[in-house]
Amino acid sequence: MGFIPEFHEHGRFVRSLNSTFLVLVLKKGGAKDLRDFRSISLVGGLYKLLTKVLANRLKKVVGKVVSSSQNAFVERRQILEALLLANEVLQKMGFGKKRVGWVKWCISIETYSVLVNGTSTGFFNNLKGLRQGDLLLPYIFVIGMEALSYLIKKAVSGGYLTGYRVKGRGGRGVQLTHLLYVDDTLVFYETSEEQLAHLS
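Just so it is clear: in the sequence shown, position 146 is 146 by full-length UniProt numbering, and no numbers are missing.
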């Protein structure tokens with residue numbers, strides 16, 4: 001089990017550990033078209049173990065660096081209470097170069113192979129997006145959405161967007177400008193062409 005200490009020290013592991021086999025599973029009987037199948041990604045156990053460790057570490061700190069506008073995948077935040085960005089965003093949020101390097105390595109070396117009758121057809125690189133089901137994905141996305149949240153807050157503080165004040169039980173209430181949940185963003189602003197132009 002020297003894999004994790006080796007990764008911790010050097011920030012790298014053998015690329016084949018992050019290879020994914022794609023298997024096409026029939027959705028319904030009598031397949032006539034590729035759309036009659038759905039793909040399932042088969043990822044190695046060691047990579048899943050590593051991303052579980054990294055995701056658990058991110059889970060402990062992401063609530064401290066992500067604004068209260070984000071309500072998904074952050075401990076003690078729920079939808080009712082309420083994407084990968086460059087290294088600079090993570091580092092400005094207090095993540096060290098080493099940890100940023102770990103995440104970057106994990107997501108940059110994904111390879112895929114389609115299994116046809118149980119036989120690999122050769123590997124190819126992922127050209128866009130992240131592998132579905134990757135345990136790091138929710139945390140990377142939440143951190144990425146923090147940049148959008150920051151831009152909306154700047155627009156509000158600059159007077160370009162107003163938001164709405166929602167009264168609470170104590171009478172004070174809160175200024176509500178936007179809420180984030182997974183890949184959904186709700187923005188609250190006055191219904192004016194000027195504010196709509198600033199939002200777009």
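None of these hints come from the bench; they were simulated from the model.
Just so it is clear, the structure is predicted and the values come from calculations on it, not from any experiment.
Some hints could be false.
[Unchecked claim] EDC-like cross-link-like pairs, simulated, lysine to aspartate or glutamate; straight-line CA separation at most 20 Å:
1) LYS48 to GLU110
2) LYS97 to ASP183
3) LYS52 to GLU110
4) LYS98 to GLU190
5) LYS104 to ASP184
6) LYS153 to GLU110
7) LYS48 to GLU9
8) LYS98 to GLU6
9) LYS104 to GLU6
10) LYS154 to GLU110
11) LYS167 to GLU190
12) LYS154 to GLU194
13) LYS97 to ASP36
14) LYS59 to ASP33
15) LYS153 to GLU190
16) LYS104 to ASP36
17) LYS64 to GLU9
18) LYS167 to GLU194
19) LYS97 to GLU190
20) LYS59 to GLU190
[What the hints assert, rightly or not] The following label-pair restraints were derived from C-beta to C-beta distances:
21) SER120 to ASP183: 27 to 35 Å
22) GLU193 to PHE123: 33 to 41 Å
23) LEU17 to GLY159: 49 to 57 Å
24) LEU46 to VAL174: 42 to 50 Å
25) LEU46 to GLU190: 47 to 55 Å
Think of the CB as a built atom: it goes at the ideal place given N, C-alpha and C, for glycine as much as any other residue.
Consistency of the hints with the structure:
1. LYS48 to GLU110: holds (13 Å)
2. LYS97 to ASP183: violated (27 Å)
3. LYS52 to GLU110: Distance ~16 Å between LYS52 and GLU110 Cα, so the pair holds.
4. LYS98 to GLU190: violated (43 Å)
5. LYS104 to ASP184: It is violated: about 24 Å lies between the C-alpha atoms, which goes past 20 Å.
6. LYS153 to GLU110: Violated: LYS153 and GLU110 sit about 35 Å apart, past 20 Å.
7. LYS48 to GLU9: Since the Cα atoms of LYS48 and GLU9 sit roughly 19 Å apart, the hinted pair holds (cutoff 20 Å).
8. LYS98 to GLU6: holds (13 Å)
9. LYS104 to GLU6: holds (16 Å)
10. LYS154 to GLU110: violated (35 Å)
11. LYS167 to GLU190: holds (17 Å)
12. LYS154 to GLU194: holds (16 Å)
13. LYS97 to ASP36: Judged against 20 Å, a Cα distance of about 44 Å means the pair is violated.
14. LYS59 to ASP33: violated (41 Å)
15. LYS153 to GLU190: holds (15 Å)
16. LYS104 to ASP36: Measuring from Cα to Cα gives roughly 34 Å; hence the hint is violated.
17. LYS64 to GLU9: violated (26 Å)
18. LYS167 to GLU194: violated (26 Å)
19. LYS97 to GLU190: Violated, at about 41 Å.
20. LYS59 to GLU190: Violated, at about 35 Å.
21. SER120 to ASP183: 27 to 35 Å: holds (32 Å)
22. GLU193 to PHE123: 33 to 41 Å: Given range 33 to 41 Å: violated, Cβ gap about 51 Å.
23. LEU17 to GLY159: 49 to 57 Å: holds (51 Å)
24. LEU46 to VAL174: 42 to 50 Å: Once the Cβ atoms are compared, 45 Å apart, the range 42 to 50 Å for VAL174 and LEU46 holds.
25. LEU46 to GLU190: 47 to 55 Å: holds (52 Å)
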